[in-house]
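Work out the full structure: start from the sequences and follow the hints.
Chains A and B, in that order, are what the protein sequence lines are.
Number 37 in the numbering used here belongs to position 37 of the first sequence; there are no gaps in the numbering.
Number 350 in the numbering used here belongs to position 350 of the second sequence; there are no gaps in the numbering.
Mixed in with the good hints there might be a few duds.
Stated by the list, open to error - Now the in silico label distances, taken between C-beta atoms and shown as ranges:
| no. | chain 1 | residue 1 | chain 2 | residue 2 | range |
| --- | --- | --- | --- | --- | --- |
| 1 | A | Glu31 | B | Gly45 | 36 to 42 Å |
| 2 | B | Arg180 | A | Glu31 | 55 to 61 Å |
| 3 | B | Ala334 | A | Phe54 | 25 to 31 Å |
| 4 | B | Val75 | A | Phe54 | 27 to 33 Å |
| 5 | A | Met1 | B | Asp255 | 56 to 62 Å |
| 6 | B | Glu275 | A | Ala76 | 55 to 61 Å |
| 7 | A | Ala76 | B | Thr158 | 51 to 57 Å |
| 8 | B | Ile89 | A | Arg8 | 29 to 35 Å |
To be clear, the hints were calculated from the coordinates, so they are not data collected in a lab.
Note that the Cβ used here is the ideal one computed from N, Cα and C, for glycine as well.
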Amino acid sequence: MNQPIFDRVREIAADVLQIDRASITPDSSPETIESWDSVQNLNLVLALEEAFGFEFAPEEMDQMKTAGKIADAIAARQTA
Amino acid sequence: MPIRIVPYTAEHVAAVREFNQRLLPEPALEEFQFPETPDPGWLPGMELFVALEGNAVRGGYMLRRQQFSISGETVPVCQYRLPVSEGAIDRVYAMLGLRLVRDALAREPRLYALGMGSFQHPLPQMLKRLGWRMCAVPFHFKVVHPFRFLREIRALRTTPARRWILDAAAYTGAGWLGLRLMGHGRRVLRAKGETAGSFTPWADPVWEQARAGYAMAAERDSATLDALYPPTDPRFLRIRAGGGWAVLLDTAMEDHRQFGNIRVGTIVDCLAPPEDAVTVVRAATGTLERRGADLIVSNQLHAAWGQALAACGFRRGPSNFLFAASPALAALLAEAGDGELHINRGDGDGPIHL
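In structure tokens, the structure reads:
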């Protein structure tokens, strides 16, 4: 996992989900964080797209089940 | 496993049925059952899509292809209809709602959604966040028979104290007086229109003449109207007046959760050059009053129709009937205010729940 990208994801997720960034681990997901519901998930995806400057493809969104997987998808896009 | 969004075919029916069963225990999703046939046959131009994970259905949506008149030009537009996702009951699928709307936008960038219940519901919140133009289509109502309205209107009779106040208002005449002071007593019994059994062919010149008066209106030629309001369906009353027409419903409610047992008249749909709106509304209202409606309701976005309703004694109430236009559709409407768009209960799903 790309640590700088994960740190940026964690920062954005903490802001969107209104939680302490330290509580977000690579395994954090909508199932483990109460405030990560479908509306906040949308807000998170759109905030990440704004921050990194691209729109996620459908197959990337399929993979984005945890904070760590989100960072992996962004890292893969940046090296592509 | 990756999720694919594909056209709904007969081979998916069993999986759709299982999907509906998984949603059913959630009371808020009772009305969000996906059709258990790929050809529900409700309205022309419908296309259905399902989100598949392996052989399991995890969601779906519908597009209804229509022609709109936008600033006088004919433009293809789609209604984005009944998007439903397993994300509503299982957060593993939280991404699916966004995937569904993006899939629909890829098929047709000019989308609209209508109804949706409330700005607080997840779908309008998502569409607003995605930059869709949003507004509520104003709700207009006229109480024709105050006593029956006050005694029956369950939407207001929600607590013992409210029921006591409404009963007191009904039996003392205070409710009648109050509603009359608000303008509800102004009857237009003598205003009449000509009834019609179908729209063919006389509605075509009305459409051609009226469309230029609206920044946006869904096509309302005779073929479209006879498909929406079939001549064989006795529920629909077609009234011609001035240079236009209206479609009415006159429904005797029975133990309705909002209306109780009153008779509700609805001005479902209408069209005329905007300057003729008041003539059409007077004829429609007079027709429903003569038939014995206790309450008459209508949702109308265009300012001319709102003013016509006000002139006939209607007042505005809170509206949860929302209109949303995708960014590509909103760009075509950039010069137009909400009050220049002709949207009513004849649009979208048509006159359901009435």
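Q | Violated hints - listed by number, lowest first | A | none
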